[in-house]
Amino acid sequence: MEQKALCANNVRKQYKEKLALDGVSVTLEPGHIYGLIGRNGAGKTTLLAALTAQIPVTSGEVAYGGEPVWENEKALADLCFSREIGARADSGEAALKVKDYLRMGRLFYPHWDEEYAQALIKQFGLDVKQKIGRLSKGMQSMLTIVLALASRAPVTLLDEPVAGLDVVAREDFYRLLLDDHMATGRTFVISTHILEEGAAIFERVLILKEGKLIEDTPTDDLLARFCAVSGPAAAVEAACEGFPVLHREALGSHASFVVRAPAADITARGQAVELNALSLQKVFVALCGHEQEGQA
Amino acid sequence: MNTILSDQSLIYLQIAQMLEDGILHGDWAEGAQVPSTNELARTLRINPATAAKGINQLVDDGILYKRRGIGMFVAEGAAARICAKRRAAFYDQFVRPLAAEARSLDLTREETEALLAKAFTEKKEG
Numbered sequence: 001m002e003q004k005a006l007c008a009n010n011v012r013k014q015y016k017e018k019l020a021l022d023g024v025s026v027t028l029e030p031g032h033i034y035g036l037i038g039r040n041g042a043g044k045t046t047l048l049a050a051l052t053a054q055i056p057v058t059s060g061e062v063a064y065g066g067e068p069v070w071e072n073e074k075a076l077a078d079l080c081f082s083r084e085i086g087a088r089a090d091s092g093e094a095a096l097k098v099k100d101y102l103r104m105g106r107l108f109y110p111h112w113d114e115e116y117a118q119a120l121i122k123q124f125g126l127d128v129k130q131k132i133g134r135l136s137k138g139m140q141s142m143l144t145i146v147l148a149l150a151s152r153a154p155v156t157l158l159d160e161p162v163a164g165l166d167v168v169a170r171e172d173f174y175r176l177l178l179d180d181h182m183a184t185g186r187t188f189v190i191s192t193h194i195l196e197e198g199a200a201i202f203e204r205v206l207i208l209k210e211g212k213l214i215e216d217t218p219t220d221d222l223l224a225r226f227c228a229v230s231g232p233a234a235a236v237e238a239a240c241e242g243f244p245v246l247h248r249e250a251l252g253s254h255a256s257f258v259v260r261a262p263a264a265d266i267t268a269r270g271q272a273v274e275l276n277a278l279s280l281q282k283v284f285v286a287l288c289g290h291e292q293e294g295q296a
Numbered sequence: 001m002n003t004i005l006s007d008q009s010l011i012y013l014q015i016a017q018m019l020e021d022g023i024l025h026g027d028w029a030e031g032a033q034v035p036s037t038n039e040l041a042r043t044l045r046i047n048p049a050t051a052a053k054g055i056n057q058l059v060d061d062g063i064l065y066k067r068r069g070i071g072m073f074v075a076e077g078a079a080a081r082i083c084a085k086r087r088a089a090f091y092d093q094f095v096r097p098l099a100a101e102a103r104s105l106d107l108t109r110e111e112t113e114a115l116l117a118k119a120f121t122e123k124k125e126g
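From first to last, the protein sequence lines stand for chains A and B.
Anchor point for the first sequence: position 255 equals 255 in our numbering, and the numbering is continuous, going up by one each time.
Anchor point for the second sequence: position 30 equals 30 in our numbering, and the numbering is continuous, going up by one each time.
Hints in this document: simulated from the structure, not taken from any laboratory.
Do not take every clue at face value.
Unchecked claim - Computed footprint of chain A on chain B; a stretch qualifies when at least three of its residues, placed anywhere within it, have a C-beta under 8 Å from a C-beta of chain A:
1. 10 to 19
2. 30 to 42
3. 45 to 59
This one's a predicted model, so the numbers in the text were calculated from it and none came from an experiment.
Glycine is no exception: its CB is placed at the ideal position from the N, C-alpha and C atoms.
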């Protein structure tokens with residue numbers, strides 16, 4: 001498979017009232033699985049749509065293998081953006097049958113693998129004659145996953161593919177994704193706010209906050225920048241002094257801090273404290289959690 | 001080999017530790033082939049690059065070596081090397097926390113030593 005990088009260069013997207021993307025630059029190198037994470041309204045869907053030329057950008061540019069993607073049939077043939085269906089339930093889509101939705105995939109994506117699509121439909125137990133609007137949220141998610149995987153596009157972007165899935169189905173999905181990634185070396189970008197399994201799957205994490213890309217970092221490196229420190233309050237204070245403390249909890253004379261510091265730096269203070277790594281979810285909350293709720 | 005991953009430490013470190021445990025407990029003898037990056041990724045549901053990072057750490061430590069085109073194998077003296085490394089960490093990782101917990105339970109040194117002696121007489125767990 002030909003391997004090319006997909007790049008956004010200083011991309012801005014202004015909707016009437018809102019600056020949805022505020023100067024995002026990112027390079028998606030071939031052969032990796034990226035996690036795109038951010039709170040609702042952070043600009044995840046807008047970024048994925050801009051990367052695949054499904055919306056025009058206000059300024060900046062998106063290029064695939066060095067060529068602009070806008071109205072570039074050759075570049076678009078290699079890119080798949082599988083949208084979340086539930087978000088647009090009242091659109092024309094809801095009246096489509098599953099098989100019609102997949103027929104669009106067959107027409108749209110020149111690398112389409114019908115045999116793979118059929119195998120996935122069978123595995124997920126999708127009823128191809130059912131109308132999309134009548135599918136459960138989980139089945140709608142699975143349909144977007146079938147479209148994405150069977151597209152066989154060298155660069156495949158999935159918008160919230162696991163949003164409607166329970167933990168068992170999420171694990172099944174990630175296993176399928178890894179199998180396909182290992183077999184083909186395709187590049188995947190998975191946008192999600194469900195991070196339980198993500199840290200193990202994403203080689204690199206992109207974090208969007210209010211339209212800005214605030215992290216583009218290997219997952220391990222990101223996690224290694226933080227730790228949780230707990231123990232007697234005085235010892236925890238002494239161990240964390242001078243480092244940015246993102247979260248504090250106190251229970252009697254016991255304290256737990258989330259601190260932006262490598263574990264080795266805390267250990268070097270020689271305090272009698274317990275150190276733990278943070279989960280990706282906790283890191284995400286530490287980086288993006290201190291704002292008002294409710295921005296859609 | 002414990003194959004349950006936690007989020008208490010970085011995944012590639014857990015992969016390295018898991019393989020070290022297996023070598024130490026004799027799951028893979030010296031010269032034996034260990035699971036490939038893809039096998040680890042598939043079984044543990046992790047990114048193959050992360051599995052490779054864990055394996056590469058053991059290559060750097062001289063625990064595993066690569067036979068090009070075939071796979072990863074346990075190096076000669078690997079178990080002894082792991083053993084020496086873990087002995088060096090044994091005091092800080094196990095003995096000091098044991099003493100600290102004993103103190104907080106008001107167990108005397110003699111009582112704690114008696115418990116330790118008892119544990120040594122019990123059958124080796126599998």
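Worksheet item: So which hints don't hold here, by number, going up?
Response: Per hint list: zero violations.
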